[in-house]
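Q: Chains as they are written, first to last, in this note's numbering: chain A, 1 to 311; chain B, 312 to 825; chain C, 826 to 1185.
FYI, nobody ran anything at the bench for these hints, they're computed from the structure. What you are looking at is a predicted structure, and each value in this text was computed from that prediction instead of being measured. Heads up, a few of these hints could be off.
[Stated by the list, open to error] Sample of chain C residues at the chain A side, in silico, Cβ under 8 angstroms:
no., residue
1, K831
2, V976
3, K986
[Stated by the list, open to error] Listed next, the stretches of chain A that the computed footprint assigns to chain C, with coverage defined by at least 3 CB atoms under 8 angstroms from CB atoms of chain C:
no., stretch
4, 83 to 93
5, 231 to 239
6, 268 to 277
[Unchecked claim] Computed from the model, here is a short list of chain A residues facing chain B with C-beta under 8 angstroms:
no., residue
7, L169
8, R172
9, A173
10, E176
11, N177
12, A180
13, A183
14, L184
15, G185
16, A301
All residues carry an ideal CB built from backbone N, CA and C; glycine is no exception.
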Amino acid sequence: MMEFCGINPAVLVASLMVASVPILLAAIGELVVEKSGVLNLGVEGMMIMGAICGFITAVSTGSPLLGFLGGAAGGAVLSLMFAFLTQVLLANQVATGLALTLFGLGLSSLMGQGYNGIKPPLTEALNFGPLSDIPVLGRILFSHDWVVYASVAIIAAVWAVLKYTRTGLILRAVGENHDAAHALGYKVGLVRLLAILFGGALAGMGGAYLSLVRVPQWTDGITAGAGWIALAIVVFASWKPWRVLIGGYLFGGISVLQLNLQACGSRIPVEYLSMSPYLITILVLVIMSSGRGRAALNAPASLGQSFHASR
Amino acid sequence: MTATDRPPLLAVQGVTKAYPGVVANADVSFSVGAGEIHALLGENGAGKSTLVKMIYGLVKPDSGTMTLRGAAYAPSEPRAARASGVAMVFQHFSLFEALDVAENVALGMENPPPMRELAGRIRQVSQDYGLPLDPGRKVGDLSAGERQRVEIVRCLLQDPKLLIMDEPTSVLTPQEVEILFKTLRQLASEGTAILYISHKLEEIRSLCDAATILRRGRVVATCTPRDKTAREMAEMMVGAVLSPPERGARRDWPATAPALQVTNLSAASPIPFGTSLKSISFSVGRGQVLGIAGVAGNGQDELMLALSGELRTAPGMVQSFGVALGAKGPNTRRRAGFVAAPEDRLGHAAAPDMSLVENALLTGAIRKGLTRNGFIDWAATRDFAERVIKAYDVRTPGSGVAARALSGGNLQKFVIGRELSQSPDVILINQPTWGVDASAAAAIRQAILDRAADGAAVVVISQDLDELLEIADSFAVLNGGRLSVPRPVQGLTIDEIGLMMGGAHGMEVAHGHA
Amino acid sequence: MVTLEKRPSPSRFWSAATPVVAVALTMLAGGVMFALLGKNPAEAIRTIFWDPLFGEFAWYLRGQLLVKAGPLILIAIGLSLGFRAGIWNIGAEGQYIMGAIFGASVGLAVFPTDNRLIFPAMIIAGAFGGWLWGMIPAILKTRFNTNEILVSLMLVYVAEKILSKAALGFLRNPEGAGFPGSRNFNSYPAAANPELIAGTGMHWGVVMAFIAVIFAYILLQRHILGFQIKLAGQAPRAARFHGVNPQRMVVLCLGISGACAGLAGVFEVTGPAGQISIDFNVGYGFTAIIVAFLGRLNPVGILLAGLLMALTYIGGEMASTNLGLPAAAIQAFQGMLLFFLLAVDVMTNYRIRLFTKGAA
Chain A
1 MMEFCGINPA
11 VLVASLMVAS
21 VPILLAAIGE
31 LVVEKSGVLN
41 LGVEGMMIMG
51 AICGFITAVS
61 TGSPLLGFLG
71 GAAGGAVLSL
81 MFAFLTQVLL
91 ANQVATGLAL
101 TLFGLGLSSL
111 MGQGYNGIKP
121 PLTEALNFGP
131 LSDIPVLGRI
141 LFSHDWVVYA
151 SVAIIAAVWA
161 VLKYTRTGLI
171 LRAVGENHDA
181 AHALGYKVGL
191 VRLLAILFGG
201 ALAGMGGAYL
211 SLVRVPQWTD
221 GITAGAGWIA
231 LAIVVFASWK
241 PWRVLIGGYL
251 FGGISVLQLN
261 LQACGSRIPV
271 EYLSMSPYLI
281 TILVLVIMSS
291 GRGRAALNAP
301 ASLGQSFHAS
311 R
Chain B
312 MTATDRPPLL
322 AVQGVTKAYP
332 GVVANADVSF
342 SVGAGEIHAL
352 LGENGAGKST
362 LVKMIYGLVK
372 PDSGTMTLRG
382 AAYAPSEPRA
392 ARASGVAMVF
402 QHFSLFEALD
412 VAENVALGME
422 NPPPMRELAG
432 RIRQVSQDYG
442 LPLDPGRKVG
452 DLSAGERQRV
462 EIVRCLLQDP
472 KLLIMDEPTS
482 VLTPQEVEIL
492 FKTLRQLASE
502 GTAILYISHK
512 LEEIRSLCDA
522 ATILRRGRVV
532 ATCTPRDKTA
542 REMAEMMVGA
552 VLSPPERGAR
562 RDWPATAPAL
572 QVTNLSAASP
582 IPFGTSLKSI
592 SFSVGRGQVL
602 GIAGVAGNGQ
612 DELMLALSGE
622 LRTAPGMVQS
632 FGVALGAKGP
642 NTRRRAGFVA
652 APEDRLGHAA
662 APDMSLVENA
672 LLTGAIRKGL
682 TRNGFIDWAA
692 TRDFAERVIK
702 AYDVRTPGSG
712 VAARALSGGN
722 LQKFVIGREL
732 SQSPDVILIN
742 QPTWGVDASA
752 AAAIRQAILD
762 RAADGAAVVV
772 ISQDLDELLE
782 IADSFAVLNG
792 GRLSVPRPVQ
802 GLTIDEIGLM
812 MGGAHGMEVA
822 HGHA
Chain C
826 MVTLEKRPSP
836 SRFWSAATPV
846 VAVALTMLAG
856 GVMFALLGKN
866 PAEAIRTIFW
876 DPLFGEFAWY
886 LRGQLLVKAG
896 PLILIAIGLS
906 LGFRAGIWNI
916 GAEGQYIMGA
926 IFGASVGLAV
936 FPTDNRLIFP
946 AMIIAGAFGG
956 WLWGMIPAIL
966 KTRFNTNEIL
976 VSLMLVYVAE
986 KILSKAALGF
996 LRNPEGAGFP
1006 GSRNFNSYPA
1016 AANPELIAGT
1026 GMHWGVVMAF
1036 IAVIFAYILL
1046 QRHILGFQIK
1056 LAGQAPRAAR
1066 FHGVNPQRMV
1076 VLCLGISGAC
1086 AGLAGVFEVT
1096 GPAGQISIDF
1106 NVGYGFTAII
1116 VAFLGRLNPV
1126 GILLAGLLMA
1136 LTYIGGEMAS
1146 TNLGLPAAAI
1156 QAFQGMLLFF
1166 LLAVDVMTNY
1176 RIRLFTKGAA
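So that you can see chain A by itself, here it is in the shape it has in the complex (with noise of 0.2 angstroms):
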């Protein structure tokens, strides 16, 4: 195999997949919001808070996985709230989503004072014994901490749950037509906060994965657009849980790609090669919604809309 700027192939794909990991757990927990119907645009917000909460927890605790489900209770917390005005008070799902983000990044800041420059504890990698030794496959497969597997796992099980069970029946049809399942006698606003906690957990946990394992370590603003992208990655999935998987890894390895870049001092500016998943999402989004709506056409029917039982 060739080297690539003095890194080894397989390392950039076992780094890729790492750092894809806080998109698509984000990613999959708003699939599963938006297939409810719900649009919830705060998950850059979620994930911040999730980071804060996490990176606090494991701190003071000393374990990583404590850290995590800190982290996954500091986003369903938030997410809470959302859920409360949107279903319960009806309020506008885009405001709201912002609102939240806003709010998320303030409060994060807030918790997070004090945290600077600490560093967490470990998260290690699973023990695969003579596994990881296997030349590449060891290293792409075996090599990484439980958070990995666990990510690609969630998205199996989304998968599943929304195509083989009557839980994922009932949540498509609450997103898809909210009406009709209220006049069966499904509970929409039940279904829909179910959703949105699941979602804010899991961009909680995703947030907590960039700042006990991807960076790690506390700083304001860590996500840097990460929920944003993961929101663009639902649309580049066009609700498919699978395809949430080729996403997150897409961006993963085109962020992995570019810090590798910068790194050997490729002849491209840092800035430019920076600001690249940006414009790379705007290009996916571009080619994923054109094509006579193709992507929109596969949205959720009631995706954003309020629901309110009339008479």
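Once you have looked at the hints, place chains B and C on chain A.
A: Relative to the frame of chain A, chains B and C by itself:
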């Protein structure tokens, strides 16, 4: 055996339900026996829907009791109603277009079997009752009649004791109605009670064993439909004597190019799961009324969009007095004398949260000269709105209230009045009297005929055949996005119309086996 | 049991009262937050909301009020038109940056020429820069049906990278001894946007903000275009029926809001900020979203909301220096305000009913 001999399956006693400002049901009592087909008859807003929603557990009564098979019955939610053997076929709002037939059926069941087994049972039941269905198809791709079969099959799979049907025939061709009635009679003969909601009197006469008639939330009469004429029932339902609209004296207009000429109009539907228009041609002259019938979802909305200018086509496809307008937007067409009233009043023909004054501006700006250099003359707009309210007897506290505050019938009167008050040359109306009570409907039909007498060309799209036969000069049917050749109304029979509407979509064959 | 019941018409009273109630609730919740941070809540609230206006340093801080409120109002007015039409430009921060870069580039290109056309040319360039940055999501939305929320937001990050490239590279002061940042416009009179009346903080950008408020007010109250904007947001299908071209509406709204943000950017870089630097943008583009909602998307409301939000910025800085309240607390405080506003807003369209179950 008559209805009164049977032990009541469902008995409703003194049920009352009030909403702020409206009493939907007041002290309603009636009963349905096993195997009985019982009609609930009433105008829009008479309280039929609220009543059946209480029986189905979607709404809780304020007072009163119900018994089912002798036991007290108070379903807290539809699930409980279904568990007690009550099933309901909705008029709309209960299917999921993006899901397939089997998934839609499963969502209406308490403990559905695994999907593969369910698909088999759907095929079985749908064959047994002459309602063929493919469990794997997406509901969004089905015709309105097929969608209704999904709803019915969903109910039948639960082996219901009481089946509620809310206006089931509004989406069917006359032949499909006959097949549905066969199915319902078969069910009744097997002992299922059917509560049948409708305002179509002839249907009730041919199908139902008994009828309870509601007016303004109260039971005003009960009768055996076969013993009454349609006219007698209509007068019980409306509480007044009805008279058919009068047609003004027919005048001869100077020969010009037709006021509305549509030539080979084809357009892709902008609506998801919509119907594309396929080379539609017709022309309407001054003073003429063209009635367009068809089962919902056969291109009515798209045709309306293409005629009003919301959907643009090649210039020559829509012409008025020889001027090509096909590529022009709504405002250019209004300048050319067009007015339009789309079917969906709240959200399309009117903005729900805006006042009636603002809604008057919505289409009146151009023909009534309500703006100057783009600046709005609010005084003139208010004046226009108030004149419409007065002339069309729109019941509202004032012109400043939001459109959504009006009842459906009143808003329809406002919308139709707004359009007809603009001295139009071409009038386009989709479902002119949908959801309007009988006296208001008569007034609307009269106003349309009056404008035609003044020289306007009128296109009325409606699913109400009686209405079309009453006001149209010529008649055509929209089926799968194609328009039949218009024929003079005089001498047309219901059977001929049914065949023009596409017959029964292959259902007859299936019933042969049943 | 509590249930919501839709009002037949939106309540005018609650429409006006919600911002006031929301501010009051935010002060309460903010007080709790400050108490949790170990500060005296009453003192913190007083420092933020009272002292800048009537305290010891009010003579200076009152001027700062307009300096901060100007860009917030100008951006929020532009955003409010789009929000009313259901077009969600949340990338004003990027458009603000690009306006500043475009405007500054024009001025720096002709340095040190003295001509009275330079400043107007910079302003036009700034508006153009913001407009251009707003046009990207607009064109992508109309051509490819791309979500404008995500695109406009992604472009904020892109603009920030361009800003750092400008500060470190193509706009760097050649006489700046290698420090990042452009020349300072305050020492280049032909391109400067000075304080017009000493001590008031009034500069051309503030004037522009007031003009924008008046312009938007007339547009929304009296002009058919304003009617169409409202219609497009409230009932998109009715808007098409009326004859609104949705694509033109997208281009118009994103164009106006982009140009407004660009103007705010160029007035800021030539005046209060003085130069292009890495940390030139301080989040006005995002805070303006809160301002737009707090003002209920109404021009006069936005004027008041902009002043209030400016107060929290200034008061927040004071609280930071005097009480050691973290700067981030103010950001959280502002976010909270939007939350409460959206929550209380339910009263405008719904009535809250307490149901007592009868003896049914």
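Q: Hint by hint, note whether the structure agrees.
A: To see whether the hints hold, each was checked on the structure:
For K831 of chain C, the suggested interface contact is upheld, since its CB lies about 6 angstroms from the closest CB of chain A, less than 8 angstroms. Of the supplied interface hints, the one on V976 of chain C holds, with its beta-carbon coming within about 5 angstroms of a beta-carbon of chain A, less than 8 angstroms. With a cut of 8 angstroms, the hint placing K986 of chain C at the interface with chain A holds, because the nearest CB-to-CB distance is about 4 angstroms. Beta-carbon proximity to chain C at under 8 angstroms applies to 6 residues in the stretch 83 to 93 of chain A; the threshold of 3 is reached and the given coverage holds.
With 3 residues having a beta carbon nearer than 8 angstroms to a beta carbon of chain C, the stretch 231 to 239 of chain A meets the requirement of three or more and the stated coverage holds. Here's how the stretch 268 to 277 of chain A fares: 5 of its residues keep a CB closer than 8 angstroms to some CB of chain C, so the rule of at least three is met and the hint holds. Hint status for L169 of chain A relative to chain B: holds, with the closest Cβ pair at about 6 angstroms, below 8 angstroms. The interface hint given for R172 of chain A is met, as the beta carbon of that residue sits about 7 angstroms from the closest beta carbon of chain B, less than 8 angstroms.
Below 8 angstroms, beta-carbon pairs count as interface contacts, and A173 of chain A has one with chain B at about 5 angstroms; its hint therefore holds. At about 4 angstroms, the closest approach between the beta carbon of E176 of chain A and any beta carbon in chain B falls short of 8 angstroms, and the interface hint on this residue holds. Here the hint on N177 of chain A is kept, as its CB sits about 5 angstroms from the closest CB of chain B, short of 8 angstroms. At its closest, the beta carbon of A180 of chain A sits 4 angstroms from a beta carbon of chain B; the interface hint therefore holds under the 8 angstroms criterion.
Annotation: interface hint on A183 of chain A holds; nearest CB of chain B at approximately 5 angstroms, less than 8 angstroms. Because the smallest distance between the Cβ of L184 of chain A and any Cβ of chain B comes to about 6 angstroms, under 8 angstroms, the interface hint for this residue holds. Interface restraint check: G185 of chain A against chain B, minimum CB-CB distance 3 angstroms, threshold 8 angstroms, status holds. Checking A301 of chain A against chain B: minimum C-beta separation of about 6 angstroms stays under 8 angstroms; hint holds.
In summary, the structure agrees with every hint in the numbered list given earlier.
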